[in-house]
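Enquirer: Sequence:
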Amino acid sequence: TNYAHSLTCTDDGVSANTQISFNPELGTLTPDDTYPVEIYCPDMVGNTANNRTVSIIVDTTSPTITLTGGDTAIRVGDTYMAPLATCEDPIHGSITDIPKTGDTVNPDAVGSYTERYDCADEAGNDADHKTHTVVVSSTVPGSTTEPKITVPGDLTTTFRINAQLPLHGLTCDDGGVDRTSTITPNVTLVSDTHGTYPIKYTCTDADNNKGFATITYTIDGVAPILSGTAEDDHIMTATDYTHSLTCTDDGTSANTQISFNPELSTLTADDTYPVEIYCPDMVGNTANNLTISIIVDTTDPTITLTGGDTAITVGDTYMATVATCEDPVHGTITDIPKTGDTVDPDTVGSYTEMYDCADEAGNDADQMSHTVVVSAASASDVPIITLNGPATILAEQNSFTDPGARCTDLKDPTKPATATPLLEVSGSPGIYDPGSHIIIYTCTDSDGNDATPITRNVTIGRAGDTKPPIITINGYSMVRHTLGETYVDEGAVCEDANYGILPHTVMTDVDSNVAGSYTVKYTCTDNKTPPVTEERTVTVQATFPADTGRPTINLHPEYVADTGAQATSGDVGRAGAPATQGGLGAIAQSANGTITHEPTYPQRVIPPESAPSSHQDGTLRHPLGKPFELYIAPCSDAINGAIATNQSGTVDVNVAGPNYITYDCRDASGNKAERVTLLVLVEADTTPPVIKLNGDSPTRVRLGGPYVEQGATCTDEYTRPGEELLPDTSGDRVQDDRSGTYEVTYTCTDAAGSDDIGRTVIVSAGGGGSRDDWQLNPTFGRSWEGSAQTVSGGFKFNGKSIDITDNFHTGFPQATAKIGQTNIATVKIQSEMQLQRIILYLGVPDVSRATDAETEIAAEVRRDYSMDTGYEIISITHEQDEPLIEENSTVVSAGQVKCRSNSEALCHEFSIAFRVMAPLSSDIVAISAMDTDRRVTVSYINDGVAFTGESLLPAATHSFDVKRGNQHPVETVHLTQQDRRYNVWTDQYGFVWLQNSYGSWEQLTHAEFERLRDAPVTVMTRHHSDFADLIDREQARAALVFNSTEIESHVGESFRHDAPVRLEKLKDPVVLEKLRIAELAALEYLERHK
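Every position in the sequence shown, counted from 1, becomes a number in this note's numbering once 65 is added.
If you are wondering where the hints come from, they were derived from the structure by calculation, not from laboratory data.
Fair warning: there could be bad hints in the mix.
Each computed DSBU-like pair below joins lysine-lysine, with the alpha-carbon atoms no more than 35 angstroms apart [as the list claims (entries may be wrong)]:
(1) 963 to 532
(2) 532 to 691
(3) 275 to 213
When you get a sec, could you build the whole thing from the sequences and use the hints?
Expert: Laid out in structure tokens, this is it:
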């Protein structure tokens, strides 16, 4: 992966990303080959940079040197001819640079000389060097000793039919002189007959003495035979597949080993696999291979019982619960054995029935139990209260609706329980004060028996909260743990600004017995803002290097003294959120007191060492008289990550003046951070807060809702960085199931005074205003009232945007996109009402016919003021007859942006990422938006987007029978679609067929082809002004169909006018475009002359 580059990536967008990526990743390029690699840099929403494609050659294979002949022996004075050396490389081919080192042969001097040959390719891979020995002798006396041929012990002598034998592989020795080069023949035997073939080899020395050796080669033409039976559709839980197959081989290279492809041990995921059973012999002859289907099933079925446990009175008829068992592989399983007690409805008692189920693979479902309580009839039976909904509810002011509870009694019918809310109420009933409250539910039956009261805990937060909860990890965020010791996680705490301490989930994969890096993930949500996650990294090793680095304490940038800034501490009521983005938590202090905050983690606690001095590293302004909420300065360490800090100092909020808090921390190795001091400057607050309404007033809500409380936002001189100040809510409780006008008041108060603002909420059946209904339609461009351009960049495709200047039809400089690539279409919408559905239509056949589009992507959306995006994506659906859009890769996201760069008005932007899998018949695109009152706007983007490239879908096929005349038999025509955009098909002989809108098929003839190819017939669509002239010219040329002589003069070749045309003729895109409009021309002609 030694590829280097000087590329950089910059991004001026709001979802910046400067990470350069490779596709495929360089680390995956392992086999030697040439790879096209795309270098790209997408931002967080899928905008891509000007991608580049480079070619990278992976070469780890050494070249090979070959020398002609063997070692050489010559007489003194003979001419010496050096051997021919060649070097071949699988990547670079022949390499001509073959350095020769070693001895320099002197044919005039007796001696033994050794030459060395080396070679390396461009990637630096060295070939194994070769040596060549030259012996120069004074004389070579005549000899009568025969040279000796040596046959290697591992010589391959058995081959398949028609195999070309390799070079012999023999060696020949003549008294120390290598005579291998004289051996004849070099084997080239090719045989198509099973049998044995002896070949005699001859070696000749300088005195013409000859040595001989005979090798018998075997040609194996007999394949093994696979016999017996193998179970098909076998259900397997692991590798338990058995069979009665045997493999026999009468050939000479026998093999009786039965193999599977793929190997059964690799079939781990639940699925159905085609498996080939085969048995090749040693030379590659294969038996009659067998393909079976193996089903891997390791998933347990699931038992479902209707209803819950049952309570009946003695003498009642008992109806057994209905049990069902479903399995993802086998579907519904009907064999559900029931064990346990037998219910006797005439005998008082508690009976437990047990239900079991197993699938064909032997996977057992979790056993389900059903309890039946048979009670004696008595007037003293106590009713039972059951909560509707959860026992703990988090809700904002003006948004809580009690789901209630139900009371069930053996004698009386089920009825609602009586709710006694222990809630503090401000204004009219239903708008509760922020804090924790309890609702007690009671019930009394007709006999006067009281049920056991049930409680529900309700936590009310201020309206308009957009801040997610904060997770504080106990201990260190990066832990070094010794291998083999038990790991105990120190946990975390989740705290929310509105709701206080919240439960959280923990996911961990730490295995302290296996060295590695693990992650502990903590997740928490307040059920309104997106879930938050924090992670702890646990590194497990036997030993760790010493840690000598000091941790660092960092105050928030707005607190740092040398910047000249002075941070503030808010005094408007809020729900207890940590005061800073950098803090790990918050501690509420009394009006006066000494702060000594020593967290439980880490274990090494740093005690206060000395009283703080007047030195400060940062300044925090705090209002006089307000209880002080401690700012927690973060401490970070290269080894242990985030570390909790110790704080000490005294803050007197009743006396104006300076106070000091010091922060210390120490990592797990005892390294101590440099102490940091924060000056808390207590001063009088003389400026009241300012409140701003979130959303509109009046707010119109359709009867039946939902009404979403948007709240208001307070700003104050003493607001800390990252702090969200929320007001108190009073006034009417909006009931969206009742028509009416509601008044809601929001109030912000601090020591210097207060500020309030109101909202009018109108709930009506229409949900709209007093203006004409159509003027409330959503718009991508111009307003419906006054036709002002209220939205710019209403449509964008892959970064190319236009203004929708006509709400019905807008031209677009045609864009192109490749089949299979991910595209992003973005629409910007201004709507006075809440939106419900966004639709992107592709392949629209004609303007004003969006519903006939070849494919469409519809996103159901819901307004959510708690989200920065403004809308939540509820669902994504695709309407298409063919899988033209890859459904599982479609992603829809929402956001809020300015409608125009010079306007403060906000629009909603929806981005749709999708992949087109085949060419579309039309380039026209349409976009649609519908609000909750079902007002719909559809805008057409003419000359929109052309998707180019080969279809990634399987080719469509069609077959039918034809009879070309009474003297011809019935023939079956098998068609395969070759071009979806132009609807071109070919039959089994390669001739072209067309299909019209009525489903009729026609074979394209040369006469029709010539009309398409005729140069004067220009390409146009039916929307051009010259379309009528095209029809006239088409009619005039129709006579050519009946005049084969004239056609022949046009083409310069002889053919019948009704002869079929092969697909190769339709390579010209102009011809294809004419073919596409041919049917439109005919339909237009019929319409005009009917």
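Enquirer: Would you pick out the hints that fail for this structure and give their numbers low to high?
Expert: none
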